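Could you build the full structure based on these sequences and the hints that come with them?
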Amino acid sequence: MAVPVEQIREQIVSALPRLRRFARTIARNPADADDLVQLSIERALLRFEQWRPESRFESWMFGIMRNAWIDEVRARQRHDRLFLPEEVGENVGDATHEAQVQRLSLQKALTALPEEQRMAIALVLIEGLSYKEAADVLDVPIGTLTSRLARGREALQSQLT
Amino acid sequence: MKFSDETLMAYADGELDAETRAAVEAAMQEDPQIATIVERHRRLQSDLRAAFDGVLTETLPEHLINTALTARATTAAPVGDIAQARAARETAAQRRWSWREWGAIAASVLIGVVIARMPWGRTGADSIVAGNDRVIAGGALSSALTGQASGTRVASSPVLIGLSYRDKSGNYCRTFTINEGAALSGIACREGDTWRVQALVHGPAATSNGNYRMAGTAVPPLILQTVQDSIEGDALDAEAEAAARQRGWKPAP
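Here the protein sequences come in this chain order: L and B.
Our numbering puts the first sequence at residues 1 to 161.
Our numbering puts the second sequence at residues 1 to 253.
For the record, the hints were derived by calculation from the structure and aren't laboratory data.
Do not rely on the hints blindly, as some may be mistaken.
Have a look at the derived ranges for each label pair, beta carbon to beta carbon [to be verified]: (1) B:K250 with L:P4: 32 to 38 Å; (2) L:R56 with B:P251: 40 to 46 Å; (3) L:I70 with B:A35: 37 to 43 Å; (4) L:E42 with B:K2: 46 to 52 Å; (5) B:E25 with L:P114: 46 to 52 Å; (6) B:K2 with L:S105: 28 to 34 Å; (7) L:R74 with B:T20: 38 to 44 Å; (8) B:G147 with L:P114: 48 to 54 Å; (9) B:P61 with L:Q159: 29 to 35 Å; (10) B:P251 with L:R151: 34 to 40 Å.
In this text the structure is predicted, and so the values were computed from the model without any measurement.
C-beta atoms are modelled at their ideal positions from N, C-alpha and C, and glycine is treated no differently.
What follows is the structure, encoded as structure tokens:
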């Protein structure tokens with residue numbers, strides 16, 4: 001039995017802060033991130049009956065966001081548009097404080113990673129998904145997930161120290 | 001004992017089985033270098049969280065909430081032929097009918113129950129007025145519905161307007177929350193010179209942190225359902241809303 005759409009709508013609204021955070025780790029500036037969330041909500045509602053209460057709602061949404069992002073990147077490449085990673089972290093405000101500087105440099109370092117590593121890091125380390133859940137979202141075997149995670153971590157750590 | 005970096009990573013992430021976990025913990029006791037590696041993995045995680053957690057407490061963009069509440073949802077897979085299409089249409093029509101009926105009954109019952117139980121604050125007393133066979137907005141609620149922009153908290157007003165839309169007969173409707181003494185959420189639609197209250201439920205009180213609104217808890221399911229059921233097109237954006245307000249909420253030509 002599919003869950004009624006009203007319940008899905010409420011779940012989406014409740015999950016919005018996390019969906020926006022995940023988008024912020026994938027897209028390279030806050031405006032693109034919110035556009036990604038918007039597109040993903042529209043897609044989710046068009047296939048809301050595919051969600052099953054056995055799986056975590058956020059994981060389902062993350063999977064939709066990942067696919068939406070891949071489509072978006074392809075579309076942009078078709079239009080020969082370039083990404084401009086400079087805008088990352090503009091929401092942090094006045095970066096005088098040491099901790100803020102560190103947050104900014106970590107945001108930058110993450111966005112510099114190859115996309116597949118970035119998503120693995122975001123899902124496991126930021127969103128707290130298990131390896132199995134993250135592998136399902138990315139549609140890869142667990143072994144692939146862990147090696148992407150390991151490579152991503154190594155790259156981040158070498159940049160930060 | 002030697003562990004691969006991936007094993008230590010999995011340990012830091014809580015992904016090892018009990019046996020391997022115990023072995024790693026024993027090794028950490030003996031070899032401070034292993035403990036250092038694990039510590040580095042954990043610190044990276046907490047630094048990453050710190051770098052992105054700020055997003056969680058940002059004010060949610062209104063357009064995302066509106067999309068979640070009102071964007072089109074489909075229930076059935078694409079249909080292949082006319083007979084299937086007709087069957088799908090009929091099921092959809094039936095489903096909508098039963099909702100509407102249920103919603104209307106529930107709303108009228110709830111309005112009675114809510115009004116009877118309401119520990120009216122000074123705003124509440126004249127906010128909801130029972131007419132002959134209708135319930136209309138009065139006092140602070142009426143002026144907020146007429147003059148206040150959606151999603152904006154006005155210091156002097158206990159009313160927060162959620163979103164505005166047109167219903168199927170072309171009238172403007174707005175969702176609202178009154179937060180004084182107790183919280184009430186509802187929908188009112190413009191009829192002539194008054195706002196007719198279509199649905200009203202006890203809502204959870206808004207958080208004390210006024211600018212951070214978890215709309216998921218602020219919009220009760222019945223209200224959502226009633227919006228869903230009566231909306232024509234999408235919710236109004238800020239510009240369309242301002243235009244409607246200037247026209248005194250008269251149905252658009």
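When the structure is checked against the list of hints, which entries are broken? Sort them ascending. Violated hints (numbers, rising): 5, 10; every other hint is consistent with the structure.
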